[in-house]
Amino acid sequence: MTASDEHALTVLFRQESGRLVAYLARMFGAHDLQTAEDVVQDTLFTALQAWRQGLPPDPAAWLFTVARRRALDVLRRRKVRHGHGQVSLESAELAAPADDDPTEDLLRMMFSCCHPSLTDDTQTALILHLVCGFGSVEVARAFFVEPGAMEKRLSRAKNVLAAEGALCEVATPEETRKRLSAVMQAIYLMFDAGYHGSLAPEPVQLDVAADAIRIADLLAESRATSTPAAHALAALTCLHGARLPARFARGALVPLDEQDRATWDPELVALGMRHLAASATGSDLTVFHLEAGIAAQHAAASSIDTTDWPEIVRLYGLLYQRKHTPVVALSYLIARARLHGPKQGIAELLALEGKERLERYPFYWAALGDLAFRAGDTDSAQGWLMRGLASARTDGERAMFTRRIASCRPS
Amino acid sequence: MAKFMYLFREGPRPNLAPADLAAHLAKWSAWMGELAEAGHMLPGGEPLELEGKTLRGRNKIVVDGPFAEAKDLVTGVLFIEASTIDEALALARDCPIFIYDGAVEVRPIMPMARPG
Numbered sequence: 001m002t003a004s005d006e007h008a009l010t011v012l013f014r015q016e017s018g019r020l021v022a023y024l025a026r027m028f029g030a031h032d033l034q035t036a037e038d039v040v041q042d043t044l045f046t047a048l049q050a051w052r053q054g055l056p057p058d059p060a061a062w063l064f065t066v067a068r069r070r071a072l073d074v075l076r077r078r079k080v081r082h083g084h085g086q087v088s089l090e091s092a093e094l095a096a097p098a099d100d101d102p103t104e105d106l107l108r109m110m111f112s113c114c115h116p117s118l119t120d121d122t123q124t125a126l127i128l129h130l131v132c133g134f135g136s137v138e139v140a141r142a143f144f145v146e147p148g149a150m151e152k153r154l155s156r157a158k159n160v161l162a163a164e165g166a167l168c169e170v171a172t173p174e175e176t177r178k179r180l181s182a183v184m185q186a187i188y189l190m191f192d193a194g195y196h197g198s199l200a201p202e203p204v205q206l207d208v209a210a211d212a213i214r215i216a217d218l219l220a221e222s223r224a225t226s227t228p229a230a231h232a233l234a235a236l237t238c239l240h241g242a243r244l245p246a247r248f249a250r251g252a253l254v255p256l257d258e259q260d261r262a263t264w265d266p267e268l269v270a271l272g273m274r275h276l277a278a279s280a281t282g283s284d285l286t287v288f289h290l291e292a293g294i295a296a297q298h299a300a301a302s303s304i305d306t307t308d309w310p311e312i313v314r315l316y317g318l319l320y321q322r323k324h325t326p327v328v329a330l331s332y333l334i335a336r337a338r339l340h341g342p343k344q345g346i347a348e349l350l351a352l353e354g355k356e357r358l359e360r361y362p363f364y365w366a367a368l369g370d371l372a373f374r375a376g377d378t379d380s381a382q383g384w385l386m387r388g389l390a391s392a393r394t395d396g397e398r399a400m401f402t403r404r405i406a407s408c409r410p411s
Numbered sequence: 001m002a003k004f005m006y007l008f009r010e011g012p013r014p015n016l017a018p019a020d021l022a023a024h025l026a027k028w029s030a031w032m033g034e035l036a037e038a039g040h041m042l043p044g045g046e047p048l049e050l051e052g053k054t055l056r057g058r059n060k061i062v063v064d065g066p067f068a069e070a071k072d073l074v075t076g077v078l079f080i081e082a083s084t085i086d087e088a089l090a091l092a093r094d095c096p097i098f099i100y101d102g103a104v105e106v107r108p109i110m111p112m113a114r115p116g
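Line order of the protein sequences matches chains A and B.
Each residue of the first sequence is one higher than the one before, counting from 1 in this note's numbering.
Each residue of the second sequence is one higher than the one before, counting from 1 in this note's numbering.
Do not take every clue at face value.
Said to hold, decoys possible - 35 Å max Cα-Cα, derived DSBU-like pairs, lysine-lysine:
# : chain 1 : residue 1 : chain 2 : residue 2
1 : A       : LYS79     : A       : LYS158
2 : B       : LYS27     : A       : LYS152
3 : B       : LYS60     : A       : LYS79
Said to hold, decoys possible - Covered stretches of chain A (in silico footprint by chain B; criterion: 3 or more residues with CB under 8 Å from a CB of chain B, positions within the stretch not fixed):
# : segment
4 : 13–24
5 : 135–146
No lab work stands behind these hints: they were computed from the structure.
We put the CB at the ideal spot given by N, CA and C, even for glycine.
Can you build the whole structure from these sequences, using the hints too?
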């Protein structure tokens, strides 16, 4: 088994366990997610023993069959215990819903995870855990928190879902409308965690981004949840996602101007552009539309120099009006510096409102260092890159700063 | 060369994340690949279902089990060829079952032509 076989198997186990939890949750109900999860654990354990001497021809179908059989056993044992006497196989069989539409199961689970009394982050963490099949340790890593703390947070969140009793039915338009924006926000955060997490030494967070893309695409294509904003969200995850393989090379983060554009994923770009076109209906201009528009400009350009910077600056300006955060302001000013030159860019970055919060953000220093380098001021560049190195959060970020600091020194 | 049977007996059930599971199966694949490469592997090894039934005694009473929960449950067999039981033991030493505290029972297969 090669490393890529092993990785494919991990993804299979993850995606299938998410799908199985979503399917079994329909049998056991939201108040008993624990049993659904236990059955999935049992199934994985059985696979561990049975697959040692070789994989089955259709691993996904194998897992599904075993999980379904186990779940029926559990239901049958319960009925016997509760004095229903002999339970025929047929009546237990009735309790096992058909596996007609796994997509609907996943969406139902997504919407259930986005319970209004949970915070954005917790909703996203729960989706990563239940829908995407990441272990609590991996979810903790995606959010830069301790595994124990994440474990507690997830278990509290499951209790909230249990108290609700039922899963959120996506087919109910009213409930869907109420939670749709929370679901989209969760997918956005999930993608973001994967996008920035790809800096971590483990490739696992690339999978987080890939799963966010998969689910955003599903949301935009499903009748009950397809809105212009859902298409815009799908567009932005596809278009940013297309650049992910180029963003991380040989253990270091690669900035946009050094990325090998030939390695951008053309299929994801095409899918993103299709979603972007589909998002251009109705009167709502959401932040997803703006971010997708910016990503599309990058995806369509053949180089930094041929990029339509005036349009990107315009879109960032609109985005900043709706999403007034230091990180958006930073991106806005970086784009403006492409138009007005590095010296003005540095002045604007140093005068940025809310700069104190950005000082802990490594990309603030990366931007300053880059502008100083382009302005020919390698001393300042080195100083700012050193501050960036000090604030870097992952090995990938540190490797990027180390490499850039070295390139400032006269050779 | 003598023939041996490996009986794989389970340890306590671990809590598994998908990545652990894939990593574990990769280790098994590597270990079995080495056995095959070195010419020790014989055909006929299979995993076993966790459930089964037992017929016992003169009255042929049918009982359920072994049970999935039981530790030391035999979950698979493998047939190998080695010159001595010590070699067979040495080959089993790298079996990934020990990572989860399981056991490998090494049993020589009795040669019927010239009983040992």
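Hints, verified against the model:
Restraint check for LYS79(A) and LYS158(A): satisfied, since their Cα atoms lie roughly 25 Å apart, inside the 35 Å limit. A threshold of 35 Å between alpha carbons decides the hint, and for LYS27(B) with LYS152(A) the separation of about 32 Å falls inside it, so the pair holds. Restraint check: the Cα-Cα separation between LYS60(B) and LYS79(A) comes to about 30 Å, which is no more than 35 Å; the hinted pair holds. For a cut-off of 8 Å, the count of residues in the segment 13–24 of chain A with a CB near a CB of chain B stands at 3, and the three-residue condition holds.
Coverage of the segment 135–146 of chain A by chain B holds [criterion: at least 3 residues with CB-CB distance below 8 Å; count 3].
In summary, the structure agrees with every hint in the numbered list given earlier.
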